Amino acid sequence: MIEISIEKELLGSLGKMDLCIDLRIDRQSFVALSGQSGSGKTTLLRIIAGLEKAKGRICVDGEVWLDQNVYRAPQKRGIGFVFQDYALFPNMSVLENLLFVKKDKALAEQLLEMTELSELAHRKPATLSGGQKQRVSLCRAMMNRPKLLLMDEPLSALDPSMRTKLQHEILSLHKAFETTTIMVSHDPSEMYKLSSRVVVLSQGKIVQDGDAKSVLLRTQGSQKFSFEGELLDIVKVDVIYVAIVAIGQQIVEVVLDEGEAQNLRAGDIVNIGTKAFAPILHKK
Amino acid sequence: MQVWHPLVLSLKTLGCVGLLLVVLGIPLAYLLSKEELKYKWFLETLVTLPLIFPPIAIGFLLLLLLGKYGWIGTYLNQIGIRFIFDFKGLVLAGFVAALPLMVKPLQSAIELFPKAIKEAAYMSGKSPLYTLCFIVLPSIRKSLIAALLIALARALGEVGITLMLGGNIVGKTDTISLAIYNAVFDGDYPLALSLCTILIVVSLAVFAALHFLERRDKVL
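These protein sequence lines map, in sequence, to chains A and B.
Following my numbering, the residues of the first sequence are numbered contiguously, the last one being 284.
Following my numbering, the residues of the second sequence are numbered contiguously, the last one being 1220.
Bear in mind the hints are in silico, worked out from the structure with no lab data behind them.
Quick caveat, the model's predicted, so the values are computed rather than measured.
Hints may be right or wrong, so weigh each one.
Unchecked claim - Here are the computed distance ranges between Cβ atoms for each label pair:
no., chain 1, residue 1, chain 2, residue 2, range
1, B, Phe-1134, A, Gly-78, 34 to 42 Å
2, B, Trp-1041, A, Ser-156, 36 to 44 Å
3, B, Gly-1015, A, Gly-15, 54 to 62 Å
4, B, Lys-1012, A, Ala-157, 22 to 30 Å
5, A, Ser-37, B, Leu-1064, 55 to 63 Å
To be verified - Within a straight-line C-alpha distance of at most 20 Å, the following computed EDC-like cross-link-like pairs (lysine to aspartate or glutamate) qualify:
no., chain 1, residue 1, chain 2, residue 2
6, A, Lys-147, B, Glu-1119
7, A, Lys-147, A, Asp-61
8, A, Lys-175, A, Glu-52
9, B, Lys-1115, A, Glu-153
10, A, Lys-175, A, Asp-61
11, A, Lys-165, A, Asp-85
12, B, Lys-1118, A, Asp-26
13, A, Lys-53, B, Glu-1119
Stated by the list, open to error - Take a look, some chain B residues computed to stay more than 12 Å from chain A by CB distance:
no., residue
14, Val-1003
15, Pro-1054
16, Phe-1060
17, Leu-1065
18, Ile-1072
19, Phe-1113
20, Met-1123
21, Pro-1138
22, Gly-1171
23, Pro-1190
24, Thr-1197
25, Val-1201
Just so it is clear, CB atoms sit at the ideal spot from N, CA and C, and this is done for glycine as well.
One chain only, chain B, in its complex shape (with noise of 0.2 Å):
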């Protein structure tokens, strides 16, 4: 119980967010690509700052935006929408510290793509959507793949935004990383060490993985 509680809670947590980071990430890596887009530093600065800016400090701004009384929050609040000491919020402090490491990779790969062949695409008769996901995106698959793994691991490893939005609820919000604190806190070594073999195998594999599409690139 005490290790897979946590455990599962975890995989949950990256089940999702790995979800929304298809689903948002990829778009939003397509729009910062274009060249033209209007504020893209804006949005570019919005993306890249979870990067830079301290895991703790913006899950403290994330609590001040989405808490009860926060600017958002409030609102959020009233449609039974509740980040706080919650499931959601665990994939949102997941997704934001993933979010940079999945776009910022992605959009360079498309932006290095050859405009020659999207040109190609076009001439064609194929709209730029369709250009993308049927061109584009299949083309540089190992580069999405990559991405995506990397920005998981980070997920995975997250603690400081989702100790400030999960609140580290012993059995309800306690990832694997934040069970691995309290595990130690409470002198709980051999629990500590059992959780930390799983984050081990689990960082191997995303290493192995990587390796394998490094190698797979080389051959063809």
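The shape of chain A in the complex, shown without the other chains (with noise of 0.2 Å):
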């Protein structure tokens, strides 16, 4: 059980602001932090790794690391850290690298197999690509047998085939090891599939905790779906408008009346949803 009650004033994107966080997390759970940039996720990462200060208290399976006589330095608290810019140690090979957190060849050995690095365990790490370096980062931080994993957005500069690729291999190394896992994620189905728990902050508070399921599907009431998107332009075709939205990665049109066009401006978050008829879905 992790328990955490913290503080800390931070400068947020509107300014000023408090990060004030209240969580308990269950052993061997899997949560994902998300929420908008500046909203204070890795702020709070880095809090419960010990590699910043903030008012309050962290305690983990009944040791406090953190109130106010005791902070428990970074190097004594255990944790795998998965940066999302790999941070991998250049001057050292694969293995070198896993090898220097703890001399256990063994498990090295077996964890660049999961992850199907052996064939590169003395490649050195400029020569790697993006999602090689973040196998290899995600290999190091499990070297220390972690009870706690955190990880700041490590899919978020990798393509779509690597990020569902390396989701299965988190996964299973979560499960292989029996970790407390907390992810910084912005990508909802990266959070669907992986996290038992979704937790969102905005501007420092915790705004949304639960269940992937509920936390990240946006019907409301009979709707069959609905969409957050982009509205990225609206353009008048005769007497109708035609909107232009970015959903994803996707861009489509819908048809607005008059009244709904004036009321919307380029820019605004739109959500898009139907009710009227039964989605149809194809295999592409």
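Fit chain to chain and form the complex, with the hints in mind.
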């Protein structure tokens, strides 16, 4: 059980804000941390890791890591941390990166095997692709057999197919090593696939907390489906208006009448939903 | 003899200066790279001063400080440590002149080293010192060697401070640069020329080494 109750003043995207978090996390659960950039996700992760100081209390399995009198150094927390930009040791080979954490060759080889990196064991990080680097970083984080694994947007710099592959690896490592995992992510499908719980931050506060489905599904009332998108443009065509909306990586057109169009501006975040018909799912 | 003595003296001085630069220069560069260091501006000024301040004036100030009756010299003299007109004075002169050229580039290389990589080492249970020795310094070793080479080249050419502290005593404290001056002063141009040739060869070797380092950097 991880108990976190911390406070810290931050400079967020909208000026000064207070990061104020109260969170209890069960053992071996997989928590996804979401929210807009500047909402305090990374800072929260860094405070748990001990890389940043804060007021309050952090207690992990009965051991106090932080309170008024205690500050446990990051070296002594036994946490695995995966950085967004990999942070591999550039002067060491893949295997040496792992052994630097702990001289346990059997474990290192097992991890490299699990992530299909055995062939690359003696390569230097500079010669690896982004996906390979992040897998090494993931393996390195597991070398301490951490009770707690923290990941700061580990997959955001990777292409979609590499992402899917790594999602599987993260999940299998999480299960094999029975870690408690906290991952910062922006990708709803990723959160849905991996996490048992999603916590959403905004302006330093928790605004949503629940299982992936209840937090991530955006439909309201009798809507069959609903997507969040960004309004790119509104074009007048004869008597109607056509809104061009970006949803994820796709762009769609939606017909509006004049009344609807007047209230909308390009750049607005909108919900697109429908209830009148059953959606058709085609396999591509 | 006329060529050998200054050459050997210079090489011995360079050896000691190099050792001091590694033993003291690297920790100093690390200390200065820390953002939260107290009195950082003071330490930084002290280290950088020999780069801007005329060497002959620095030599004079050191003479005042370390002379037989100087502020510090009085005490050092009592325990038998003498810098003035001594080999130690040559080493000190070279070290003071070379220090900024060693510390400043190294400091910026350490500062520019990605914070996340250091933090990854901390999360692996390693102390900042361990991280510095096994991750940061090996990763920036090319900058380290380049800084050391340039600093040593400066120490080799050092005249002003060396003159003040060493006294240019022929056969005792005349380093190769000072020996050239002495040879010209005595009208012995052939000797001056051969000493110059040695300096040119050494400088070219340093230049070639720097070039080689840069080229290997690009290949990697």
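Distance rule for Pro-1138(B), whose beta carbon must clear each one in chain A by more than 12 Å: The claim breaks: Pro-1138(B) does not keep its Cβ more than 12 Å from every Cβ of chain A (closest is about 4 Å).
Is it correct that the beta-carbon of Val-1003(B) has no partner in chain A closer than or equal to 12 Å? Holds: least Cβ distance 42 Å, greater than 12 Å.
Has the given pair, Lys-175(A) with Asp-61(A), been kept, meaning a C-alpha gap of at most 20 Å? Status holds; Cα separation ~19 Å.
For Lys-1012(B) and Ala-157(A), compare the CB-CB distance with the range 22 to 30 Å and indicate the outcome. Violated, at about 53 Å.
Please confirm whether Thr-1197(B) is truly not at the interface, meaning its C-beta sits more than 12 Å away from all C-beta atoms of chain A. holds (39 Å)
34 to 42 Å as the expected CB spacing between Gly-78(A) and Phe-1134(B), which holds or is violated: violated (20 Å)
Using Cβ atoms and 12 Å as the threshold, tell me whether Pro-1054(B) really stays out of contact range of chain A. Holds, since 40 Å exceeds 12 Å.
Need the status of pair Lys-165(A), Asp-85(A): alpha-carbon distance at most 20 Å? holds (18 Å)
Between Lys-53(A) and Glu-1119(B), is the straight-line Cα distance small enough, at 20 Å or below? holds (14 Å)
Could you let me know if the closest chain A CB is still more than 12 Å away from the CB of Pro-1190(B)? holds (49 Å)
Does Asp-61(A) sit within 20 Å of Lys-147(A), going by the straight-line distance between their CA atoms? holds (10 Å)
Distal placement of Ile-1072(B) relative to chain A, Cβ over 12 Å: Holds, since 39 Å exceeds 12 Å.
In the structure shown, a violation is registered for the earlier hints numbered 1, 4, 8, 12, 19, 20 and 21, in ascending order.
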